[in-house]
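Input sequences plus hints: build the corresponding full structure.
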Amino acid sequence: METQNSKSPTEKTNVLNTIRNSINKVLNLIRNYFSEVPLLGWFIGTLTAVSLEQLVGRLIALSLGLPKIPVLFGFVTILKHPYLIPSTILYMLVIYILPIVSIARLTVPITNWLAGKLLVLPIFISVIIHLGLLYLIMHLWSGISDYRVLMLRFILIAVIATLSLNVVNGYMGEFSCSHPGFMALGAYGASICTVVLFVDDSMFGPALLPPAIGPFMFPIALIVGGCLASVGAFLVAIPSFRTRGDYLAIVSLAFTFIVKSLIENLEIIGGARGLSSQPNWANLPSIFICAVACVWIINNFVRSTLGKALNAVRDDELAANVMTVNTRRTKMTAFLFAAFWAGVAGGLLAHVLRYVNPGTFGIQKLAEVLAMVYFGGLNSIQGSILGAIGFNILSEALRPLAIYKWIIIPSMLILIMIFRPTGLLAFKEFDVKKIISPKQKQKKEVQNVIASN
Amino acid sequence: MKFFLQNVINAVQWGSFYSLIAIGYSMVYSILMLFNFAHGDIFMVGAYIGFGITTLIIGICAASAIVLPNWLILTLIIIISMFLTSFVGMFVERVAYRPLRAAPRASAAITGLMIGIVFETVILAMLGAKRVSFPALIPAITFNVGGVFITNQKIIIVLVSLGLMFALHQFIKRTKWGMAMRAMSFDFVVVPLMGVSINTMAALTFAIGSALASAAGILYGIAYPVLDPYMGIKYGWMAFVAAILGGRGSVMGAALAGFLLGFIQIFVAMIFPSTLRDLIAFSIIIVILTIRPHGFFGEAYSARLRL
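Protein sequences, first through last, are from chains R and P. Everything in the first sequence is counted per the working numbering, starting at 1 for the first residue and increasing by one. Everything in the second sequence is counted per the working numbering, starting at 1001 for the first residue and increasing by one.
In short, the hints are calculated from the structure, not lab data.
Below 27 Å or equal to it, Euclidean Cα-Cα: the simulated BS3-like pairs (lysine-lysine) are:
1. R:K433 to R:K117
2. R:K308 to R:K433
3. R:K439 to R:K117
4. R:K405 to P:K1234
5. R:K405 to R:K68
6. R:K405 to P:K1130
A short list of chain R residues far from chain P (calculated; beta carbon distances all over 12 Å):
7. T48
8. I123
9. I128
10. F154
What you are looking at is a predicted structure, and each value in this text was computed from that prediction instead of being measured. For glycine and all other residues, C-beta sits at the position ideal for the given N, C-alpha and C.
What follows is the structure, given as structure tokens:
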């Protein structure tokens, strides 16, 4: 009896290990096969797929028996009409997977050569070329339906919000609950700027400036919103950075409630009814530019000396203090900086929804942003991007399940937390040069090194 | 003066809800040094379990023509639903906290929040979006004491919650389990070496905290007989604030701060327009925390904290 008992778990683990090993083998094969594809290759492959969808997507969808082009990679279609699963998978294979994979793999010599040429240029030019390609892909992809445009706008805003919270929760290692409050401040700050200055509105009267110059002033409105959020962050930071631990969590939570209650009681800006008639300036290009700026600036921030100091404060505040890091000032700067970007995200969100009310920025919003940060991974830029994209796509894809979606998403997050407590892509460095560099050359260098050894 | 006393009575009633919930937060913190963010939703689930048991018992009584006195029904309901809800608490500990004991504390906070959302959704899916009304168990009798109106419900609520708190105090002070808990909160690294299982103690704390939250839920249902799935968020976070005000990990502090919070809320609503209640109450809390960062009964700790 005893031997059996001791045997069965080992057998179980053996089976599990073999399964894991075989999965790893397959994954390694795939990874090796595509390891030489640079980012440029993936972009060109995706571009082909997306333009293919533009040209013949409708035709293929109809001939496969789908009512229209599957808007969100077919998730919604599958959940609504299970009998369409084969044709949806076929569509995905024909339109997306095959073109992307084949073109990315076949153009390896060309794209690597191109990427090598681009790398010789100043880095910002090659980055701009890559970003241009990325925007082109997004533009073409979202050209199919307005729903895709809206989703992309929400995703990009979520990227900004998630990144800014990651600065506090990941890089600084505190637990801040005040992001909905900052987003509310940013949303209201930016909205009041644009509505008062450029819109004929029943609440604030006629426009003070000609609406034609409005779109050029939109960044300034966003910055005003961000600065307002920073002022709020300053008020949170004064009492809460005296001690460590859960102290920031509670003060920032109270701050969120205070901001919500304050806006509800300020009848001059609409109170609980909310504020509407924001101009429609937060279109895809402007949000894309904001998101890129956010990624760039936050990445530079966390890689700077101040960012390193921030990590030192997180790991051991006492040691950091001994090593001449001004811990209080470091934390303050990072917190205000993060709040600024949260405010920008709020401002953009207000101009996408074109209506804000204080109820938008409650505990639910907090749970959402926190979920995105921890889903993607702490202390990494790409983690936040993945978290924002993954969470939003997941929550849109599961929409047909109605309320049960809020059982599935939290359960998935709990599983992720159990198996990867810091998120999927935690503690990674976002090195732009490494990402856009050609992949073949690297391998040769490695081989050379091995040969010389 | 009469008006003032009337509000004092209301505040004591609210304070007893907050105290019962806040004790659960504080007990978990004292053992595991992290907050159980699902606790507000455990309170909500406890109230719903109480609702289910009440309907069941009343149904059985009506079917079999047994006439039970109301106080017996109430006692039965409180005991049964405390018992059942303690399993909900142990479930939360097992699923969301035990696998993450070695992980950063924030990750456990996320799993707690997420399991709370799952609870809300399950209740919402089971019972629909409509609010359910708690069956009226105790017919309200109003006493007029010198112009101040006291209902028997309020007296029962305050007495039951004070009794539960006293029982908890005795449990922690007198029993062996309570001693183990106190030892664990003193040092959770060395005490497991002395033969006290940290898993058992954590499960026990979650169970006791959830049982108290369930009692709070039933008492809330008696006072305000409308339950909705989001009441956990509303009152749970307030109780969380009370737990912080009382001092992290201090059960006594949490109980007292719960009453203080009740007083703050009721008196702010008495003096100012009620829409300003949250604004002023939370501002007062921030001011208190600025003066006493570690709460009333908490201990100041150094920059080194387990993360």
